[in-house]
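K.L.:
If you want the building blocks of each chain, they are given just below.
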Amino acid sequence: MRRIAALAALGAAVTFGAMAPAQAQQTTLRVGIASADAGVLDPHLNSSTPGRGFLQWIFNGLVRIKPGELSPEFMEADLAERWESSADGKTWTFHLRQGVQCHGGFGEFTAEDAVFSLNRAATRDTSSFSSDYVAFDRVEAVDRYTVRITLKENIPSLLGAVMNYAGGFQVCKAAVEQLGNEGFRRRPIGTGPFAFAEYVPQQYGRLVANDQYFRGKPQIREVMYRFIPSDAARDLAFQAGELDMIYGRQDQTWFTRTQQLPNVRVIAMQPAEMSVIHLNMTMPPLDDIRVRQAIAHAINRDQIVQLRGPNTSVTALSVVPRGYLGHNPNAPLLPPDIARARALLAEAGHPNGITIRAIHTTLPGMMSVMEGIQAQLRRAGITLEITPVEHATFHQQIRQNLSQVVHFQAARFPVADVYLTQFFHSRSIVGTPTAVTNFSHCRVADAEIDAARGETDRDRAIALWRTAQDKIVREVCAVPVYEQMQLWAYRTNLDLGYELKASLNLAPPLLETTRFTR
Amino acid sequence: MTAFVVRRLGFAVITLWAVLTLVFFIVRVVPGDPAQVVLGDQATADAIAAMRVRLGLDRPLAVQYFEFLWGALRGDWGTSLVTGRPVLLEVTEVLPWTIELTLAALLIGAVIGIPLGVWAAVNRNRIPDYVTRLASLLGLSFPAFVSGILLLIVFSIQLRWFPVISAQSDSVWAWLRSLALPAFNLGLIMAAYITRVARSAMLEVLSEDFVRTARAKGVPWRAVVWRHALRNALIPVITIVGLYLGVLIGNSVLTEIVFNRPGLGKLIVGALNQRDYTMLQGMMVIYTLVVIVVNLLTDLAYGAADPRVKLK
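Here the protein sequences come in this chain order: A and B.
Each step along the first sequence adds one to the number in our numbering, with nothing skipped, and position 151 is 151.
Each step along the second sequence adds one to the number in our numbering, with nothing skipped, and position 146 is 146.
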């Protein structure tokens, strides 16, 4: 009897002991990301989704887009309290906050750090984003808290180059100098709400609250950023309560199923990755505009969106995605019309149809779309032969100009100039030294793109970008298909502290006010 | 015995060199550019070229090859092209995870597989035999990622006995709980192999004269099976364990991904996707060493299992 009583007491102690911590306020946020690793932990080198998601919590920019928003119209102060530009738009002065501390005791963040950071972002050897800074003439520290940037020529969004995104992330000079670039990549030092604590390859990155954060002490005390490449395993861990927030599989089934889980919020946020079919205008038969028009008529965008799922994607309206400054919602896209497509092919001397070839990634999400397009083209007598290759091979071969048709999906900084320059300016044609991702060899809108870059009047720049889109669409350099939203799910007891509609870094920002409500 | 081990080690060095040379050239023949992977899809051709210089990929292949061999001789495997971390550090950080998973799976496989194989052989062409053969066939045909997901749904989601994220080592209890499901998942595959081999080996041994003699002398059936017959049937089982240990490490890739465990398998898949040449080379050294050591240990185990085997 005594043994039973003792066991009962032990059971009660264990039960209530176990319950006590469960009722305490949760302060550790556990995030699951679809990747085996975050890659190199340097904000100026890492352009991957898992890397950017993690690094954005460590680093600040001089300015930032209001958390949860996407448009540059919501630009607000970050490390800089205020800023001004000269009348010609070529000189920008930023006034920094005083007393901002770098993580790990690396001292105060001053103008010297900002100058160092921007110069580092502009250097080819230390930055993936150096091309974003070619218009920078010089960056100088006017005094301890004032930074001046002088441009060689106007650029569409100077603030975009100094915000908390890509090369705009501010690093601490003393940390880079003391640790070296290699050391810094293993121990990134910033000024953000969370400081780097630990990185275990293939498992997790761990951040701890930066109590000296200039906006206040973060309420979340620790962030566990777990690398879980298997969609099923990530979903199960979320369902089992081992994760509080997960990156979703980008399809409708996942969206619908996850939305049905209790106490879970599913978000389809911007920036959307736009899926575009680029047609290489230098390779026959695609050098004939009638053939390209036939392809455009054969592709039914609404059907592809139905295939992807209406909660996760929307029909593309132009070659620049929605929400980007300068997007043209009225671009003259050709409507689906199989009869017209066949007629155009016959007119171009191909009454029996044509065969075109695409090298394509094996990533299932993109491949299913390409197979859908293949079926649509077949109805118009166009045979699309797809050569599936592994993703890294795909990226190499499409840049070697080996594919007639390139299906590319991407999100960029939300100003039309970036998309137009990288995908449709002749400077970016693949196979050239300045190549980026102009797979179609399109060059019809160079004048408008260049003119808009130097334009100081915002409305005139927008008009030029819209004209550029009109020209590109009329020439059928590419066929925009759909915009794929970023899907995330998190528990309803997680209060992000803002309304999440978008995140340029593709993962929800964490603020000092982010907290668990119960 | 010593001469045998020395000779095998000599062969091991030659094998290692051959594998390293093959791997060095094969990973460079495969399309895909590590500089492109590091810089992402917005990098200009100029920036990619500069990164190739920084990573040393612009130098002649022969220079890269001899530098790599010289580094390997000195125990310097270089740094990962993608993360910038030393390859040796990355490998040694995950190696214990793979070793513990493989050994646990092997143990589970042996504990389940040997008795089942013996039971099936003793009950040849009866219901226990049919059931065992069917079960082992299922074990062989079931993909590791499917059985892994099923185990997670039942034991982690429904019953909540084990964690989904199997990479916890805060305490011995947490470690055991997180190891249990992945080890069981992988162990089932091993058990299926061992069961079939143990069954056929036992059937052969049970029909031999010395078994009949032992029975005629009045040795109890249980002792004949477990003491006399099983010991003689162990050699093929040891062979299969040695052979399949390499397979097990390969199979562990899927188990590591589904159960979110770190490990060599996951590391090598990541390195392949990212064209991380130095990491791939380092991983190959490890894999080759593992296979060589396991084969050597298998040969040595024959002697222990059967004193008639002489290692020359």
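Honestly, the hints are just simulated from the structure, not real lab data.
C-beta: ideal position from N, C-alpha, C; glycine also.
There may be inaccurate statements among the hints.
Quick list of simulated restraints, FRET-style, between CB atoms [unchecked claim]:
no., chain 1, residue 1, chain 2, residue 2, range
1, B, Gly10, A, Thr432, 51 to 61 Å
2, B, Phe66, A, Glu81, 48 to 58 Å
3, B, Trp173, A, Pro329, 54 to 64 Å
4, B, Phe4, A, Gly431, 30 to 40 Å
5, B, Pro60, A, Gln306, 52 to 62 Å
6, B, Arg7, A, Thr362, 29 to 39 Å
7, A, Thr28, B, Pro60, 45 to 55 Å
Selected chain B positions facing chain A (Cβ under 8 Å, derived; list incomplete) [to be verified]:
no., residue
8, Ala18
9, Leu22
10, Leu39
11, Thr44
12, Leu55
13, Gly56
14, Asp58
15, Arg59
16, Ala62
17, Val63
18, Leu88
19, Gln158
20, Val258
21, Gln274
K.L.:
Next step is simple, just say for each hint if it's right about the structure.
P.N.:
Checked hints:
1. B:Gly10 / A:Thr432: 51 to 61 Å: 53 Å, holds
2. B:Phe66 / A:Glu81: 48 to 58 Å: 56 Å, holds
3. B:Trp173 / A:Pro329: 54 to 64 Å: 59 Å, holds
4. B:Phe4 / A:Gly431: 30 to 40 Å: 58 Å, violated
5. B:Pro60 / A:Gln306: 52 to 62 Å: About 53 Å separates the Cβ atoms of proline 60 of chain B and glutamine 306 of chain A, which means 52 to 62 Å holds.
6. B:Arg7 / A:Thr362: 29 to 39 Å: 45 Å, violated
7. A:Thr28 / B:Pro60: 45 to 55 Å: Since the Cβ atoms of threonine 28 of chain A and proline 60 of chain B sit about 51 Å apart, the hinted range of 45 to 55 Å holds.
8. Ala18: Where the cut-off is 8 Å and the nearest Cβ of chain A is about 26 Å from alanine 18 of chain B, the hint is violated.
9. Leu22: 20 Å, violated
10. Leu39: Result: holds, 4 Å to nearest chain A Cβ.
11. Thr44: 5 Å, holds
12. Leu55: 11 Å, violated
13. Gly56: 13 Å, violated
14. Asp58: 13 Å, violated
15. Arg59: Violated: closest Cβ of chain A sits about 17 Å from arginine 59 of chain B, beyond 8 Å.
16. Ala62: 23 Å, violated
17. Val63: 21 Å, violated
18. Leu88: Violated, because the Cβ-Cβ distance from leucine 88 of chain B to chain A comes to roughly 13 Å (cut-off 8 Å).
19. Gln158: 10 Å, violated
20. Val258: Since chain A brings a Cβ to about 5 Å from valine 258 of chain B, closer than 8 Å, the hint holds.
21. Gln274: For glutamine 274 of chain B, the interface hint holds, since the closest Cβ of chain A sits about 7 Å away, which is under 8 Å.
Of the numbered hints given earlier, the model fails hints 4, 6, 8, 9, 12, 13, 14, 15, 16, 17, 18, 19; all others are met.
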